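Engineer: Chains as they are written, first to last, in the working numbering: chain A, 1 to 204; chain B, 1 to 74.
In short, the hints are calculated from the structure, not lab data. Errors might be hidden in some of the hints.
Pairs of lysine-lysine, DSSO-like flavour, derived with a Cα cap of 30 Å [claimed, not checked]:
| no. | chain 1 | residue 1 | chain 2 | residue 2 |
| --- | --- | --- | --- | --- |
| 1 | A | Lys165 | B | Lys32 |
| 2 | B | Lys48 | B | Lys2 |
| 3 | A | Lys175 | B | Lys32 |
| 4 | B | Lys2 | A | Lys24 |
| 5 | B | Lys48 | A | Lys165 |
| 6 | B | Lys2 | B | Lys32 |
Just so we're clear, the structure is a prediction, and the values are computed from it rather than from any experiment.
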Amino acid sequence: MTSHSPPPTPPTPPTPPVPDADQKRASFEREALVHLDTMYRVALRLIGNAADAEDLVQEAVLRAYRSWEQYTPGTNARGWLLTILRNLFINEYRRRTRHPETVDVDTIEPYAVFPEIQDEDPQATFFDRIVDDEVLRAMDELPQVFREVVMLSDVEGLSYEEIAKVLDVPVGTVKSRLFRGRRLLQTRLYEYAVSMGYIKARTP
Amino acid sequence: MKCRECVEHLYEYLDRELTPELEQEIRAHLVKCPPCGEQHDFEELFLKFLHARCSTAGAPLALRRRILMELFDE
Numbered sequence: 001m002t003s004h005s006p007p008p009t010p011p012t013p014p015t016p017p018v019p020d021a022d023q024k025r026a027s028f029e030r031e032a033l034v035h036l037d038t039m040y041r042v043a044l045r046l047i048g049n050a051a052d053a054e055d056l057v058q059e060a061v062l063r064a065y066r067s068w069e070q071y072t073p074g075t076n077a078r079g080w081l082l083t084i085l086r087n088l089f090i091n092e093y094r095r096r097t098r099h100p101e102t103v104d105v106d107t108i109e110p111y112a113v114f115p116e117i118q119d120e121d122p123q124a125t126f127f128d129r130i131v132d133d134e135v136l137r138a139m140d141e142l143p144q145v146f147r148e149v150v151m152l153s154d155v156e157g158l159s160y161e162e163i164a165k166v167l168d169v170p171v172g173t174v175k176s177r178l179f180r181g182r183r184l185l186q187t188r189l190y191e192y193a194v195s196m197g198y199i200k201a202r203t204p
Numbered sequence: 001m002k003c004r005e006c007v008e009h010l011y012e013y014l015d016r017e018l019t020p021e022l023e024q025e026i027r028a029h030l031v032k033c034p035p036c037g038e039q040h041d042f043e044e045l046f047l048k049f050l051h052a053r054c055s056t057a058g059a060p061l062a063l064r065r066r067i068l069m070e071l072f073d074e
């Protein structure tokens, strides 16, 4: 009889490391895909129609995933994604947008609406009568430089510093565009409300 | 602080983007100047209004699915 040496006990296999792909996927889902709503809203306002906005977001997300290694985990993923989205828009989508004509900023002198309404409607209840679509239309008619700062600040809640990074402009520029953009929008909405009879124009 | 200066900085005040010193000065002015206080309330209302009206729609479900499919083939 041949003596059999007992088979060597196989060494306990080490816990298999989580494959890189799974790790990448998990961190991308956790840090990037949570901003899909923001990306879509910003894309929609930049580009003006849902089909192109979806394409833009999809392409931006794919690009972001391909260069995910360049993103430092735990930093500002939202700002990073919006920068990719906006650059893609400027470089490849802007020329084929079907965006509504924007108003010529130089022909409109924005003013503070409050003095106009303080006697007639100091609580500004006329806002309640303006439907969402009309607000979005007014937003879409703003020139892009104003529309994008108002979107990023007032809708998505980015700080001046974050907006400055996304747009690659100084913080002072963000501040002045935001001031003018908000006033322009306010003026448009007020004039719309007057035209609809939601509020009486102030008698001079 | 003059009203003009207060109104100029009102948005930065509402955005919490001022230095603590200037923020304090504006806050003090708003308390003792009713017209500036009312303008502040109006601008605050306007910003809340914009946020509420423009942030309702999110990414469509179909887009979300398409992206997951492209990324992870599922």
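Engineer: So, for every hint listed, does it hold in this structure?
Structural biologist: Quick rundown of the hints versus the structure:
no., hint, verdict
1, Lys165/A <-> Lys32/B, "violated, 37 Å"
2, Lys48/B <-> Lys2/B, "holds, 26 Å"
3, Lys175/A <-> Lys32/B, "holds, 26 Å"
4, Lys2/B <-> Lys24/A, "violated, 54 Å"
5, Lys48/B <-> Lys165/A, "holds, 24 Å"
6, Lys2/B <-> Lys32/B, "holds, 12 Å"
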